[in-house]
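Undergrad: Full structure from sequences and hints, please.
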Amino acid sequence: MAGFNKMFIMLPIMFAARKIDGEDPKMIFLLRCSYFSVQAIILMIVAYIYFKSQAVAGDKQHDRTIYVAPAASPFADPNAKKQYKEVNYAAHVATTAKSLVTSTLFGIAMTTGLHLYKGMVVGLAIQSIMGPFTIYENPLVQALLLGKGLNPEAKVFDEKGPEELTADDEIVDEQGNPISAAAKKQAIKGDSKKPATTTTTATPTFEDILLDTWDGGADASVGPLMAALNKKTVNYKSKESGWTPIMVVSGLGAKKVTGALRQMKAIGADPAMLDEEGWNALHWAAFHGSPEAAKVLVSPDDFDAIQMGLHKVKDKEGKTPMDHAIAEGNTEVANIIKAAIDIASSESTVKQNQEPK
Numbered sequence: 009m010a011g012f013n014k015m016f017i018m019l020p021i022m023f024a025a026r027k028i029d030g031e032d033p034k035m036i037f038l039l040r041c042s043y044f045s046v047q048a049i050i051l052m053i054v055a056y057i058y059f060k061s062q063a064v065a066g067d068k069q070h071d072r073t074i075y076v077a078p079a080a081s082p083f084a085d086p087n088a089k090k091q092y093k094e095v096n097y098a099a100h101v102a103t104t105a106k107s108l109v110t111s112t113l114f115g116i117a118m119t120t121g122l123h124l125y126k127g128m129v130v131g132l133a134i135q136s137i138m139g140p141f142t143i144y145e146n147p148l149v150q151a152l153l154l155g156k157g158l159n160p161e162a163k164v165f166d167e168k169g170p171e172e173l174t175a176d177d178e179i180v181d182e183q184g185n186p187i188s189a190a191a192k193k194q195a196i197k198g199d200s201k202k203p204a205t206t207t208t209t210a211t212p213t214f215e216d217i218l219l220d221t222w223d224g225g226a227d228a229s230v231g232p233l234m235a236a237l238n239k240k241t242v243n244y245k246s247k248e249s250g251w252t253p254i255m256v257v258s259g260l261g262a263k264k265v266t267g268a269l270r271q272m273k274a275i276g277a278d279p280a281m282l283d284e285e286g287w288n289a290l291h292w293a294a295f296h297g298s299p300e301a302a303k304v305l306v307s308p309d310d311f312d313a314i315q316m317g318l319h320k321v322k323d324k325e326g327k328t329p330m331d332h333a334i335a336e337g338n339t340e341v342a343n344i345i346k347a348a349i350d351i352a353s354s355e356s357t358v359k360q361n362q363e364p365k
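Under the working numbering, read the sequence shown as residues 9 to 365, first letter to last.
Fair warning: there could be bad hints in the mix.
Unchecked claim - The list that follows gives simulated cross-link-like pairs (lysine-lysine, DSS-like), each with its CA atoms no further than 30 Å apart:
id, residue 1, residue 2
1, K240, K264
2, K324, K106
3, K245, K322
4, K106, K163
5, K245, K346
6, K34, K93
7, K303, K68
8, K34, K106
9, K163, K93
10, K245, K93
11, K264, K322
12, K245, K126
13, K68, K163
14, K247, K320
15, K60, K27
16, K247, K303
17, K239, K320
18, K324, K247
19, K245, K324
20, K60, K34
21, K68, K322
Source of the hints: derived by calculation from the structure; they are not laboratory data.
TA: Next comes the structure, spelled out in structure tokens:
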């Protein structure tokens, strides 16, 4: 209803603002006084909300998990499941406060700039009236200034608690990876001493699938992982060690590694990403002895790791992929990397000789 009221007011204001005489010095002066007075009050409110929110974010009583719906889109599929994002309440308060500060300052800068450099006066008139409505609609203003409060019952973000989730709700984590609502509820209701991600459910998270693939070793099936991959998850990093799908597949001696890596490349996999040890995908193939993965990684027709310089990258111990391959006795992988380096070097020499002097 608030959104309807705002639009109901805004449309007449926009039409009325066009009638303003933008050449009248007195009118311009009055508009400036009105606009900057309103914005000064708004800035004071925003500053109060920001500092209050920082204090709230640091309060342990607000350290809980909630599920918030994304902003409504006019182009969204009306038949699609409602999606909720899993966030920490305190962190969401802090993020919302920062967003309020940023959007307010940007709006003032843009309107002022257009007025001073382009002579626009309509924006001053519109924002003098619409500014208070916009700030009024902010959930933190409702909670911290207008007395709605931040208790769980207030629902200032129109959020859901874990106990309110249904099996029809589509849940994603902060990185956009799907989580089963039923699994989340079961995890929280199950063993309160264990984190929710440790529960075994029929719908595992993407990280569960990634780690299960690695645990399968040489006998692992990459099918479930490949089925779960998309442009959002292809460069996902595991929470504890920063492992990515291409690292895991590069380290496996399993079948179908070659095809899996090429599918990953097609949707944007980045072999240069580093895990917590400073390893890239070529480090993984070299250390774990996966010649099939090494061939795809160094091939100019695939990832072209030599051209990318992956063979030169040193991890936190100062070791390159070649160093690991030699140290682990993975001679075949070492030879693949060395041959690729030699070919790249010879091609570079030929190009240099062909250049006019």
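Undergrad: Of the hints given before, which are not true for this structure?
TA: 2, 6, 7, 8, 12, 15, 20, 21
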